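Student: Chain by chain, the residues:
There are 2 protein chains.
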Amino acid sequence: MEKLRRVERVAALTKLLTDMPGHLFSLGAFSQTFGAAKSTLSEDMVTIRQALAELGMGLLETVPGAAGGVRYLPNYSKERMQAVLDELAVKLSAPERIIPGGFLYMTDLLFQADRMARVGEIFRTRFAHLQPDYIMTVETKGIPLAFMTARAFGIPLVTARRGSKVTEGSSVNINYVTGSSKRIQTMSLPRRAIEPGSKVLIIDDFMKAGGTARGMADLAQEVGGRVVGIGVLVATIEPEEKLIENYLALLTLHAVEQQKKTIDIRPLQPDAALAE
Amino acid sequence: MEKLRRVERVAALTKLLTDMPGHLFSLGAFSQTFGAAKSTLSEDMVTIRQALAELGMGLLETVPGAAGGVRYLPNYSKERMQAVLDELAVKLSAPERIIPGGFLYMTDLLFQADRMARVGEIFRTRFAHLQPDYIMTVETKGIPLAFMTARAFGIPLVTARRGSKVTEGSSVNINYVTGSSKRIQTMSLPRRAIEPGSKVLIIDDFMKAGGTARGMADLAQEVGGRVVGIGVLVATIEPEEKLIENYLALLTLHAVEQQKKTIDIRPLQPDAALAE
Numbered sequence: 001m002e003k004l005r006r007v008e009r010v011a012a013l014t015k016l017l018t019d020m021p022g023h024l025f026s027l028g029a030f031s032q033t034f035g036a037a038k039s040t041l042s043e044d045m046v047t048i049r050q051a052l053a054e055l056g057m058g059l060l061e062t063v064p065g066a067a068g069g070v071r072y073l074p075n076y077s078k079e080r081m082q083a084v085l086d087e088l089a090v091k092l093s094a095p096e097r098i099i100p101g102g103f104l105y106m107t108d109l110l111f112q113a114d115r116m117a118r119v120g121e122i123f124r125t126r127f128a129h130l131q132p133d134y135i136m137t138v139e140t141k142g143i144p145l146a147f148m149t150a151r152a153f154g155i156p157l158v159t160a161r162r163g164s165k166v167t168e169g170s171s172v173n174i175n176y177v178t179g180s181s182k183r184i185q186t187m188s189l190p191r192r193a194i195e196p197g198s199k200v201l202i203i204d205d206f207m208k209a210g211g212t213a214r215g216m217a218d219l220a221q222e223v224g225g226r227v228v229g230i231g232v233l234v235a236t237i238e239p240e241e242k243l244i245e246n247y248l249a250l251l252t253l254h255a256v257e258q259q260k261k262t263i264d265i266r267p268l269q270p271d272a273a274l275a276e
Numbered sequence: 001m002e003k004l005r006r007v008e009r010v011a012a013l014t015k016l017l018t019d020m021p022g023h024l025f026s027l028g029a030f031s032q033t034f035g036a037a038k039s040t041l042s043e044d045m046v047t048i049r050q051a052l053a054e055l056g057m058g059l060l061e062t063v064p065g066a067a068g069g070v071r072y073l074p075n076y077s078k079e080r081m082q083a084v085l086d087e088l089a090v091k092l093s094a095p096e097r098i099i100p101g102g103f104l105y106m107t108d109l110l111f112q113a114d115r116m117a118r119v120g121e122i123f124r125t126r127f128a129h130l131q132p133d134y135i136m137t138v139e140t141k142g143i144p145l146a147f148m149t150a151r152a153f154g155i156p157l158v159t160a161r162r163g164s165k166v167t168e169g170s171s172v173n174i175n176y177v178t179g180s181s182k183r184i185q186t187m188s189l190p191r192r193a194i195e196p197g198s199k200v201l202i203i204d205d206f207m208k209a210g211g212t213a214r215g216m217a218d219l220a221q222e223v224g225g226r227v228v229g230i231g232v233l234v235a236t237i238e239p240e241e242k243l244i245e246n247y248l249a250l251l252t253l254h255a256v257e258q259q260k261k262t263i264d265i266r267p268l269q270p271d272a273a274l275a276e
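Listed in order, the protein sequences are those of chains A and B. Heads up: the first sequence at position 260 corresponds to 260 in this note's numbering, and the numbers run straight through without jumps. Heads up: the second sequence at position 137 corresponds to 137 in this note's numbering, and the numbers run straight through without jumps.
To be clear, the hints were calculated from the coordinates, so they are not data collected in a lab. Check each hint, because a few of them may be wrong.
[Said to hold, decoys possible] For the chain A half of the interface with chain B, some residues (derived, Cβ under 7 Å), not all of them:
| hint | residue |
| --- | --- |
| 1 | A11 |
| 2 | I99 |
| 3 | Q112 |
Only a predicted model underlies this, so the values are computations on that prediction, with no experimental measurement involved. Glycine is no exception: its CB is placed at the ideal position from the N, C-alpha and C atoms.
Only chain A is shown next, with the shape it has when bound in the complex (with noise of 0.2 Å):
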């Protein structure tokens, strides 16, 4: 690469760090690359920090020592957490959302890049304590959400099938039933999808009763997984008793009124402890 100015050189490593959250950079490697040294490179850092602060977006880590470095991890301020869950909320509450049978459509939001990018990243604001090594969701609707929360977190996503796939190798098959309309269902996992002992973070689109996340903390449990947290994206308030405890929801949806046609679905308050 041709030697670059500061500001330039600012520019690309702000590209290069934030985009792959979670992944450790060494200075070293990227001293080789711009031909700069070590200690022009940690006042790069300084300001890159200071210029992520200033956004509300994320932090600077530096890992002393031989093998450390410096990574990116998305944190948001209470402020912006709060702007990306009200105009959610506004979203879902236009009245063309209600589907026959009291449902909200929700689909086309879930299947947005950057808004599934930003709930990603709130994710990871809330659950970066519990440090976990994979996130986990069922497929279908639930995929990008859960997959641009491993995205912000750096790690794999485990997707759980209804039904098992022959392409995916041996597999563990468990039965659950759905809170709400109380039809039993099977999911899977391959048995290679998690390595024994690690920590798994559930994060899903929607919670009703709470059987889907269930069944999907028992099925993290059978493959070995250890389950730290549960994260969705919209609860209903009814039921009052889920199936789960300690979840985190971003949104809770209160009514969908098909005859008044309106919707009461309210955000999360940042500093809002998880339902239980």
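Given chain A's structure and the hints, the job is docking chain B onto it.
Tutor: Here is chain B on its own, set in the frame of chain A:
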């Protein structure tokens, strides 16, 4: 926001621009956020453009006029593209990926966010001239890849489901025959997923005979879309005659030898045209 020094402002601008590929930012809005003159910001853009070019990762496009602004477009240099595909081919050649029946285990790689981000940006680079309005895929394993392609373009993803779902409202169903196993399957898409007349780029993880891609193309047309291209991560060399034409495969699977425990998979050469 506090007034930043130039180098901090460039870092912040790099983060904001590259976080939302394809999104048009107005210099006026940046001017307010950062308390800097538009002429100053234009100089910042020259710097960021230079840095991205040096990395071989993307372009910064300036759109003139009152409704104009600046946007980041992921665009890989040939060297970068080749490096990503070569690495993927090596990873996919590991003998432990062979699954009884001669299948290839790809799921772990398909759910790695950083890797799929790069593949999505390669699809953006190769398909930018088609100017699609939507990316389309079918559940499940292709979703992260298609989602990251949608992200690289800054456009929405629509995902066909196998069978129709009550929570997505009125939908269009088609039956299709999988080319390899000759089974009849159903695929559906919500009617409201695609604006009539819009351009659709189909992205999937794997293609054998092309029956699924053919089904997606038919379904896209059924809801009023126009298919402008098809991209797959891996296509098998056999059967040579696929059920669709003019697709782009980033990797070609020549053989999986269960006895010899070898996998022959080859990356696309960057200048190669579409398969016909």
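Student: All hints, please: hold or fail.
Tutor: Against the structure, the hints:
1. A distance limit of 7 Å between C-beta atoms decides the matter here; for A11/A the minimum to chain B is near 4 Å, and the interface restraint holds.
2. The closest approach between the C-beta of I99/A and any C-beta of chain B is roughly 5 Å, which is under the 7 Å cut-off, so the hint is satisfied.
3. Against a cut-off of 7 Å between C-beta atoms, the interface hint on Q112/A holds, since the closest Cβ of chain B lies about 6 Å away.
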